[in-house]
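Novice: The task is simple: from the sequences and hints, build the whole structure.
Residue numbers (the working numbering), protein chains in the order written: chain A, 5 to 387; chain B, 149 to 597.
Derived from the structure by calculation, the hints contain no laboratory data.
Treat the hints with care, as some may be off.
[Said to hold, decoys possible] Quick list of in silico lysine-lysine cross-link-like pairs, DSSO-like style, CA-CA up to 30 Å: (1) A:Lys165 to A:Lys106; (2) A:Lys222 to B:Lys555; (3) B:Lys200 to A:Lys203; (4) B:Lys559 to A:Lys161; (5) A:Lys194 to A:Lys230; (6) A:Lys106 to A:Lys71; (7) A:Lys194 to A:Lys261; (8) A:Lys54 to B:Lys200; (9) A:Lys222 to B:Lys200; (10) A:Lys161 to A:Lys222; (11) A:Lys195 to A:Lys261; (12) A:Lys203 to A:Lys253; (13) A:Lys106 to A:Lys253; (14) A:Lys261 to A:Lys165; (15) A:Lys203 to A:Lys230; (16) A:Lys54 to B:Lys555; (17) A:Lys71 to A:Lys308; (18) A:Lys261 to A:Lys308.
[Unchecked claim] Pairwise CB distance ranges, derived in the manner of DEER restraints: (19) A:Gly303 to B:Lys487: 49 to 55 Å; (20) A:Glu206 to B:Val214: 29 to 35 Å; (21) B:Leu474 to A:Gln357: 56 to 62 Å; (22) B:His204 to A:Asp264: 25 to 31 Å; (23) A:Phe199 to B:Phe184: 47 to 53 Å; (24) A:Tyr321 to B:Val214: 34 to 40 Å; (25) B:Ile276 to A:Glu157: 53 to 59 Å; (26) A:Asp51 to B:Tyr541: 28 to 34 Å; (27) B:Phe177 to A:Glu157: 54 to 60 Å; (28) A:Tyr321 to B:Ser416: 47 to 53 Å; (29) A:Asn75 to B:Ile223: 54 to 60 Å.
A quick note: this is a predicted structure, and the numbers were derived from the prediction, not measured.
Glycine included, each C-beta is placed from N, C-alpha and C at the ideal position.
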Amino acid sequence: MTDPNTLSPLDLETPDKTFLDANELVINMGPQHPATHGVLRVILRLDGEKVMGLECVIGYLHRGVEKIAENRTYTMFNPYVDRMDYVAAVSNGLGYCETVEKLLGVEAPPRAQYIRVILTELNRMASHQLWLGTHALDIGAITPLFYTFRDREEILKIFEKYCGARLTTHAFRIGGLQYEAYDGFEQDVKKFVAFVTPKIDEYEELLTTNRIWVERTKGVGVISAKDAIALGVTGPVLRASGVKWDLRKAQPYANYKNFDFEIPTGQNGDTYDRYLVRMAEFRQSLRIIQQAVDGLPEGPVMAKVPKVIKPPVGEVYHSIEAPKGELGYFIVSDGSTQPYRVRVRPPSLVNLQALDVMCRGAMVADVVAVIGTLDIVLGEVDR
Amino acid sequence: MQPIIDYITSYLGNKTQTPGAAGNLFWAFVYILLVFLGLSVAVIAMNWLERKILAHMQVRLGPMRVGPHGLLQPIADAIKLLLKEDIMPAEADGFVFWIAPFIVVLAAFTVFVVVPFGPTHAITDMNIGILFMLGVSSLSVLGIVMAGWASNSHYPLIGALRSSAQMVSYEVAMGLAVVSAILMTSLHGLGLYGAGGVGTGDTGTLSMIGIVQAQQEQGVWFVFKFFPLGLIAFFIFAIAMVAETNRAPFDLPEAESELTAGFHTEYSGFRWSLFFLAEYSAMIAVSSIAVTLWLGGWLRPFPNLLHGATWDLVFNLFPGITFLFLAAICFYSTARMPKHPYFKIQTIGLAGFGAVLGLIGLALFVPAVFIRVQDIYWFAMKVAAFMYLYIWYRGTFPRYRFDQLMKVGWKILLPMGLGLLILTACMGMRSELRHQVVEPLWHRVANIL
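Specialist: What follows is the structure, encoded as structure tokens:
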């Protein structure tokens, strides 16, 4: 395994020689490329099909989310966070709301916490489904995409019924929820759990024991636990390397300490293990949702929070386990209605740093597989 | 005038040969036109079927807008492609860029000169038929390399390199499988046919028609001959032919997620459609080779088990029944069409299409017709089964990586093919081997002991 500290930067100054007299080929993968999941630009230096090194160029989707926060009130900024990791908008909202709540010193009522857990776990499944579909598509299996999107649709329907939005939900408010769960919410969720459980076996049937899938993913994009920790990688990517680190257990937030679930881990830190870890997370999410829906308490869904949110002077860092890894918010308050500074620690950006380590010496096709397995969302990488 | 009419009718008089083999230019030309037409229709149908079948495998509907159930979609696509702006990259090598798609199409279509749709239903019958097919079909790699090179762009170049490496390496395994099938034309357990076995005076053949006739005379499709050797050879060929035509799971040259579109990234409009046409006709071509070599070509299934005049008649009715079945599907779908004025034209169109299919089906019940199209029908059906497999593969498998593809080709298929070739030869000569090698050896050993 390549030591990330000894990686030499790419030599991009030397002009590209013609095809005839150079063995190396510099290829620009992206920003418009079907497999870079948005507008990621990867500069590849190739020797034939072998990757000598690569460099990521990001920022094509930069919208200055953190700067916008400085000019909005705490409440007004809440919908903006949905636009970062737009496939896991609920998780983003949860992280932001909890951080501000921590700053304010309030806590959401139990019923709100439970509904938050249900929606967040549903969103984790939706995010993983999107990951599975696109990852399989990158490796050439086109069918799983349609299966996962069929089932993701059911999750989005629940979101739509709950808050009217499917993707950028803005489901949570600082201090709890704006909306009480609609009539039949519990039945819908239970029905979904019953519906999706066999579907996950269906995805696995297509891929887990498929020879080509195993060959394409086993031993590809290996990252050791040491390297993963050194690079700050979190989420399923870290867990697949054998590190049992899940913020839901390590630093329980929301109501997660009340639920019984396991942290799936892998051993080899390769693409196949990351796939297995995420597939296992599907099932753990279902367990959490089942428990949460069974034990859903009655009561208010909004804590006592002033109409105008004016947190005391101070700073706070709070992080949650988003589908892609540790999603942290660091908020500095100067006592006014607007944050002095908001800094987001996006899991995708940090995980993307591991791309170079994972791809050196691999083939071109592996780069695509590794980008897929890192499960990046460019909205979150660039913010 | 009279000599010309005589020339034309003379072929019809004793129709025991293909027009090419009989040296009749007029009928050869007619056959070429027919094959070209049939192939174009097949590619159009395949285009529509692939979309629909793949869509239904993937819980979606596929084309539904242009025509009833999207039946006119391929035509709409063809019009779109023809009307599209013809873009040539500024840095491209103009002449090579222009000629590359033609070479690919030429190679894909020329192959059909020797494809035997029936004992006399082929353009010509060459005594080196199978060699001709393999040789011409591998010419298409030249066009692909030219396309990738002339585009003067990174992704097409990589696609072209992948494609050429892939086609060249899989051709070896494919060739070995073909050789073992050719061996079977002349070998049975007692040695060479010509050397005093079953009644043919022949000692094996490379002619496509001859290969099918050999299967007919030996009473066995080569896929079942020397079980399981024929089957293994067939499987090697079936894998290699997917790689040869750059289809999933071996579609690396046009791996969409890696190389955008591979060697034809820079092509658009009509030029691109030529590549498309070539790809599909190449699929049909290699499937025809497989059908001819292992699945008994135009022969109907179960000729030994279900023989006699009654069974012949039953099998003769199959073409008509197939078309009637398709017509019935059309009528069923017509009945299920939404009862809305907006769908009126579509409903009428679907019913009309069903009626046309039904009429064709009825026409196929006329003895004079079904006797003549029988061979073509069974051949087309077998090829269609392969086409379905191609679609099925595409819906199921992820894509191989380049090095894995090479590994499968050189380390698995090639040694298997070689071993198979030797085993087939031994199997064919087993009585000779016993009499001339094993028994003398055994006697010698016994004497020493």
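Novice: Take the hints in turn and mark each one as holding or not.
Specialist: To see whether the hints hold, each was checked on the structure:
Taken as a hint, the lysine 165 (chain A) and lysine 106 (chain A) pair is honoured in the structure, with Cα atoms around 29 Å apart against an allowance of 30 Å. Between lysine 222 (chain A) and lysine 555 (chain B), the direct Cα distance comes to roughly 16 Å. Compliance with the 30 Å bound is thereby established for this hinted pair. A distance of roughly 23 Å separates the Cα atoms of lysine 200 (chain B) and lysine 203 (chain A); the hinted pair therefore holds under the 30 Å criterion. A distance of roughly 50 Å separates the Cα atoms of lysine 559 (chain B) and lysine 161 (chain A); the hinted pair therefore is violated under the 30 Å criterion.
Of the pairs offered as hints, the one joining lysine 194 (chain A) and lysine 230 (chain A) is violated, with about 40 Å between alpha carbons and a cut-off of 30 Å exceeded. With a C-alpha separation of about 21 Å, the suggested pairing of lysine 106 (chain A) with lysine 71 (chain A) holds against the 30 Å cut-off. Our distance criterion of 30 Å between C-alpha atoms is met by lysine 194 (chain A) and lysine 261 (chain A), whose separation comes to about 21 Å. A threshold of 30 Å between alpha carbons decides the hint, and for lysine 54 (chain A) with lysine 200 (chain B) the separation of about 37 Å lies outside it, so the pair is violated.
At most 30 Å may separate the alpha-carbon atoms for a hinted pair to count; lysine 222 (chain A) and lysine 200 (chain B) exceed this at roughly 33 Å. Of the supplied pair hints, the one linking lysine 161 (chain A) and lysine 222 (chain A) is violated, its CA atoms being roughly 35 Å apart against a limit of 30 Å. The hinted pair formed by lysine 195 (chain A) and lysine 261 (chain A) meets the criterion: a straight-line CA distance of about 25 Å does not exceed 30 Å. For the hint pairing lysine 203 (chain A) with lysine 253 (chain A), the CA-to-CA distance comes to about 27 Å; that is within 30 Å, so the pair holds.
Restraint check for lysine 106 (chain A) and lysine 253 (chain A): satisfied, since their Cα atoms lie roughly 18 Å apart, inside the 30 Å limit. Only pairs whose Cα atoms come within 30 Å are accepted, and lysine 261 (chain A) paired with lysine 165 (chain A) is accepted, the gap being roughly 28 Å. Between lysine 203 (chain A) and lysine 230 (chain A), the direct Cα distance comes to roughly 35 Å. Violation of the 30 Å bound is thereby established for this hinted pair. Proximity of lysine 54 (chain A) to lysine 555 (chain B) is assessed by CA-CA distance (about 16 Å); at most 30 Å being required, the pair is judged to hold.
With a C-alpha separation of about 29 Å, the suggested pair lysine 71 (chain A) and lysine 308 (chain A) falls inside the 30 Å cut-off, and the hint holds. At roughly 23 Å between alpha-carbon atoms, lysine 261 (chain A) and lysine 308 (chain A) fall within 30 Å of each other, so this suggested pair holds. Between glycine 303 (chain A) and lysine 487 (chain B) the Cβ separation comes to about 52 Å, which falls inside the hinted range of 49 to 55 Å. For glutamate 206 (chain A) paired with valine 214 (chain B), a C-beta distance near 32 Å keeps the hint of 29 to 35 Å intact.
The hinted range of 56 to 62 Å is satisfied by leucine 474 (chain B) and glutamine 357 (chain A), whose Cβ atoms lie roughly 57 Å apart. Roughly 41 Å separates the CB atoms of histidine 204 (chain B) and aspartate 264 (chain A), a value that falls outside the hinted 25 to 31 Å. For phenylalanine 199 (chain A) and phenylalanine 184 (chain B), the Cβ-Cβ distance of about 51 Å falls inside the hinted range of 47 to 53 Å, so the restraint holds. The hinted window of 34 to 40 Å between tyrosine 321 (chain A) and valine 214 (chain B) is violated, with their beta carbons roughly 56 Å apart.
Taking the beta carbon of each, isoleucine 276 (chain B) and glutamate 157 (chain A) are about 57 Å apart, inside 53 to 59 Å as hinted. Between aspartate 51 (chain A) and tyrosine 541 (chain B) the CB atoms are about 31 Å apart, so this pair conforms to the stated range of 28 to 34 Å. Range check, phenylalanine 177 (chain B) to glutamate 157 (chain A): about 56 Å between beta-carbon atoms, so the 54 to 60 Å window is met. For the hinted restraint 47 to 53 Å between tyrosine 321 (chain A) and serine 416 (chain B), the CB-CB distance of approximately 52 Å keeps it satisfied.
Between asparagine 75 (chain A) and isoleucine 223 (chain B) the C-beta distance comes to about 56 Å, which sits within the given range of 54 to 60 Å.
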